[in-house]
Every structure is written in structure tokens, then in C-alpha cells.
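**Q** Heads up: the sequence lines are chains A and B, in that order.
Take 1 as the starting number for the first sequence in our numbering and just add one per residue.
Take 1001 as the starting number for the second sequence in our numbering and just add one per residue.
These are calculated hints, taken from the structure and not from any lab test.
All the pointers check out, no bait thrown in.
Here are the simulated lysine to aspartate or glutamate pairs, DMTMM-like style, with alpha carbons at most 25 Å apart:
no., chain 1, residue 1, chain 2, residue 2
1, B, K1094, A, D210
2, A, K226, B, D1132
3, B, K1048, B, E1013
4, A, K306, B, D1152
5, B, K1040, B, D1089
6, A, K226, B, D1152
7, A, K208, B, E1073
8, B, K1074, A, E215
9, A, K226, B, D1131
10, B, K1094, A, E215
11, A, K237, B, D1152
12, A, K226, B, D1123
13, B, K1040, B, D1083
14, A, K125, A, E207
15, A, K237, B, D1147
16, A, K305, B, D1148
17, A, K226, B, E1073
18, B, K1305, B, D1280
19, B, K1074, A, E127
20, A, K131, A, E215
21, B, K1344, B, E1275
22, A, K211, B, D1089
23, B, K1305, B, D1213
24, A, K230, B, D1152
25, B, K1173, B, D1131
26, B, K1312, B, D1358
In this text the structure is predicted, and so the values were computed from the model without any measurement.
The lines below spell out each chain.
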Amino acid sequence: MKQTSTTFSTSKKSRLRSFCEKAKSVKFYMAIFPILWILLFFIFPLLIIFKISFAEPVAAMPPFTEIFSWGHDQFLQIRLNLHNYFSVIKDSYYVSAFLNSVVLSLASTAMCFLLGFMMAYGIYKVEDRLKTLLLLLVSLSFWTSFLIRIYAWMNLFSAHGFVNSLLMKSGIIDSPIQFCGNYYAVCCGMVFCYLPFMIFPVYAVLEKFDKTYIEAAYDLGASPAKTFWKVTIPLAKHGIAAGCILVFATSIGEFVIPELLGGSDTVMFGRVLWAEFFNNLDWPMACALAMVMMIFIILPVFVFKKKANI
Amino acid sequence: MALATQPMKRNIEVWQDVNADPYIQIENVSKSYGDVTPVKDVSLSIYKGELFSLLGRSGCGKTTLLRILAGFEKPTSGRILIDGVDVTDWPAYKRPVNMMFQSYALFPHMSVYQNIAFGLRQDGLSKSAIDDRIKDVLNLVQLSGFDDRKPDQLSGGQKQRVALARSLAKRPKLLLLDEPLAALDKKLREQTQFELVNIQERVGVTFIVVTHDQEEAMTISTRMAIMDDGKIRQIGVPHDVYEFPNSRYVSEFVGNINLFDGVVVEHELDHVLIESHEIDCFCYAAHTGAVPIGSNVTLAIRPEKIMISTLKPAYPRNWTQGIVKEIAYLGDISIYYVQLNSGKIVMATLPNLLRLSDRNFKWDDVVYLFWRSENSLVLTS
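Can you make the complete structure from the sequences, with help from the hints?
**A** In C-alpha cells, the structure reads:
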């Protein structure tokens, strides 16, 4: 009797071990697919862009020179053209486009933070039934295409749009207000589109943290306002950082919103990049701009990661 | 009090002193959430320097009562007075009360020092005063030098001490402890019980402890209140609650007890005589107040008060006979389950002075159970 029970348990153990090993290898195979995906569709194209950014534009197809070439006597020649990168730094057009993008992204990130945090906090505070409804409403904006939402804004706020005609008909104004075609419109559009990116991570963190921390702060004599600054905000900081990065990274390279809501003088990085690619057919310049933008998107992520690890 | 006699000679305690003013007064406090009423008309007076326990099963309302005292919940009716001041409508952050949370609730983004300083800063203390206080409390809980640790770098026991230090640092008039030792393992818990009492005696702060662990409550409390279904069933020093429970509920909740249904057949000044078919004998019991002849009562006897013998007692009352059905050997004591003629199983404990094999009664032996009349209680509810 005893004999059988021991053999049973060992066989069970070994079976368990082999199952664990299998699970490990399954994990490995599962990781292969996303890794391949990223390699093929992100790292590889990025390397191509990186390569093209050192080429020279030519009127040919493809519209750039090859930087690697076999010279005489079997020399591998690499011709690196750093002109593109220099002009990103030197050319005031690119610099101002870049600064505009950074300032607008920072502004919309800040606005998203203010609005998004309030909304996330509000959703976290209301009763459960209302909570589901509000979360659904926030995610509702994802159900419509981003492009269509911006078009809707154009229709609402253009010179002959809904808002202007309403104001004119009611006699409040005589001539239409210029809502669109400026930086404010672009900023508002970005805040409108990217607000959910702030609300969801902040809400998720708020919902997760233990409410006894708040009670403990009250108990130790901190007023509700002080508790909010000293306990709620610091404990929600990971969600806030995640939300800020999501909003900043997506808005710094934004092309559609400035194109549709901005005016002809609204120079932003994404638009300049587009223009270099499609209007000027200067692929090397466009690639250099893309690389610089990449760095500025990745930078905050690294800063955040380092801070989060402490 | 249902007791006619005080069983223990002791100096007069503050709660027995009719001239003493209670420090914490809970007056007719009720709390309802819709149809649910976790606290029903509770009144309690707690005196300065007491270590008072609220003992009860989960859901009995003890935690709600604690949260009302802390100011996290507003009572539906009733008043709370602390040191003579009505604080019923005060928010938690204004009350001279601190709480040690069951989960400790140490702020994870702050070090031990910052956690303790957080409360002190709200009082507007100077930096040097804060430093001194923190040094003192960390000394008190034997965690000097842990200032810079983050909560996740502390063990469970250390977190518990930091939580205690943090709540004591503000020198509250009342400290509330919600299951303070529940998260610790058994050995550490027993050790910490005495430490908690020592610290409480040293700082002199009034403690109210919520616990579901009756041994813990009995070990640490000056007095304890047994709560059930939102009401307080009995208040008393641990010894009195154990020896003289006022109801079947309390007697069963605190410790183990054998209960027998019976009828009062004789009622004299110093004793009552009870006939019980369940226990199959006539029993004398110490006088316990008004129990008229013919009334149905419950006779209650603690297992350790019952003696077991193979010899038939020579007197006519207070003994019965049965067959040993089970013996549970626990090392220090053994529990005998003896089946009486009525079929009722009686629990009796014996200290293991002799090894089990050296005893002259074993499974299925006929034994006689007997007890002193002052150790049998008469319960009417």
C-alpha cells in the first residue's frame, strides 16, 4: 500500500516537472512570435530609415543614393552624408518645427494630465454603477476612427461650421470666429483625441491602490487636500507617468491633427516630415527627421523607466 | 452585574470607582447602511489608560465601531465623547485619535522616518522636535536605526512595529488597533502580545483593540467587551468574562464549555439546585440571582473544572457517569470526550501529569465525572 502511494507521488512529481518544463518552452515559443514581429516590422524598417538618413537625394527611383558600394580593389566604400542631421540642427525651419512640436506636445500633455486626472479621479470616486457607464463613455471615443473624429471637429469649428453658424444666427457675433487654423486648435484637437490615453492608466492605478492609505493619512491628521498631494498623487505617479508618456509620444509626431486643424503656417515636425517625403521627395532628409523624432520619443520613456526602478 | 460576589480580591480598579470619569464615552451609538445595522445602540465607558478589547466574530460590528471612533464612519445616532469633548461630528483628521490598521497601511513611497514624520508634520512640530519624537518611538518599538528603510524592506513583525510607532508618535488620547497581531505568525504573535502590553503601560495611552482572537483579548486586556450582532453582550475583566459568562453565547464564544438544559427545583439563599436529564443528576450551583423554582435554565461547566475518576463519588449530588469515547492528546493537556447515559457528550480536560498509558481509564471505560458546585454556572439566557 505504502509502496504504491510513493510511486504514485513520484510519478506525479515528475509529471509536474515535465509539465513545468513544457510550460517554460511554451513561454519561449510564445515570445518568439512577438520578437520576430518587432524585428521584422519595427527594427528592420528602422535600420533602413537609419541607413537612408545618411544618403543623398537624387532624382531617381528610389530617390536616394546607395551609401554602400564596392570600389576598385574590393574596397567597401561607405559614403555617409551628415548634411541632413546638420540641417536639422542648423536650419531654422526644422528647428522651429521641432520646437513647435515639443511645446505643443508638452502643452497638450499638461492639459491631458489636468483634465484626465480629474476625470480619472472622478470616475474612481463615483459609485460602481456610474463607474462602468463613465468608463464606457470614455472608451466610446475609440469606437470611431480618429480621422473621422477630427473631421467632425473641423465641421463643428470651421468658419461655416456648426458653432459659428449657431453663434451668427443667434446674433452674438457678426463674422465667424477663426477657431481652426492655429496652434490652439491643434492643441485642443490633440487633447481631445489623446485624453483617454491619460484617463485609463491613471484610473487603473487609482482603482488598484488600497484606500486604507487615504484613511491612514486622514488618521494621521492630514486634511483631504494634503492627503491628495502627499499620498494620492505620489501613489498614482506610475499611472500619471504612463499616461504622460503615451500622450507625449503620440502627439509629438502627430501629422493628421496639425494638417487638418492647423493652418498653413502651423509648422510641426510631423508635417515637415510628410512634406519632405511626399512633396520634396527628399527621403534622406525625411529619414533624418524621423530619427531625431524617435530619440525624443524614446528619451522620456527611458527617464521614466530609470525613475520607476528606484 | 449578575454576580453576587466578587471572586477575586484586588485593589479597586478605575472602572469600579464610581467617582472616576470615563475617558472615552460611547453613548447609544448605532450605525445603519440601508437595511443593515452593524452597530446597534452600543454604549461603553472606557477609562484612561485602559487596554480595552472588542471581541467578536467577524461581522459582529466591532470593526465598524472602531471606524466610528476613528472618524471614518459617522454614527447614524448616538454620541462619542473623548476626554469630555463631543467629537461625533469631527472628521478623522481632527480627532485626537490614531489608528493602527490591520494592513498597517504604511505609505509605500515613504521611508520609516517619513512615515512617522508625516503625522507629526501635520501637528506643525519643528524639525528637531520631530527628530526627537521619531527617535523615541523607534526606540520604544526597538527599531532604532531603521529610519531609512522603505516598508517593502521590512519583515511583517517590523512593519507591525513601525505602524505602532507611527500611530503612537502623535501621542493620541486614544489609540485604536484593528486586529494588531492578526498578520503575525503564532510564535511572534504570542511574543508581541506581551510587548504590546508593556508599551501600552509605558506610554499610558488608552488602547482599544479589535480582535477575533479570544486568547489574545484575554492576554492583553484590562477589560473586554464581547460583541455579537452589533450589540455588546458582556463587558468585564477577562477573568470574570471567562468564569462568569452572562449568557450561553458568551460562555461558548470565550473558551469551551459544556451546557446542559435543566430546571430549578430548589432555590435557597446561597445556592440553587437544578435537575437536568441531560446530565442525569441533581446539581448544586452557586447562587446567581433571581431564578425562580420551575424555571428552565442552562447549567454550564467548563471542561477544566470537571474531574474524572474511576471511583464512584460518595456524595449524592454533582456527579454523573459516562463512557470515554475519545481522547485528544494535545501535549500539555488531554481532552476527554465522555458520553453520558443521556447520549450527551461532555468535554473534560486533564493536565498531562501522567503519561496517557499510565492512566487507569482509557477508551470505552466507565468513568465518573464530578465538579465543585461553585464551578457550575446557571445561565438564564
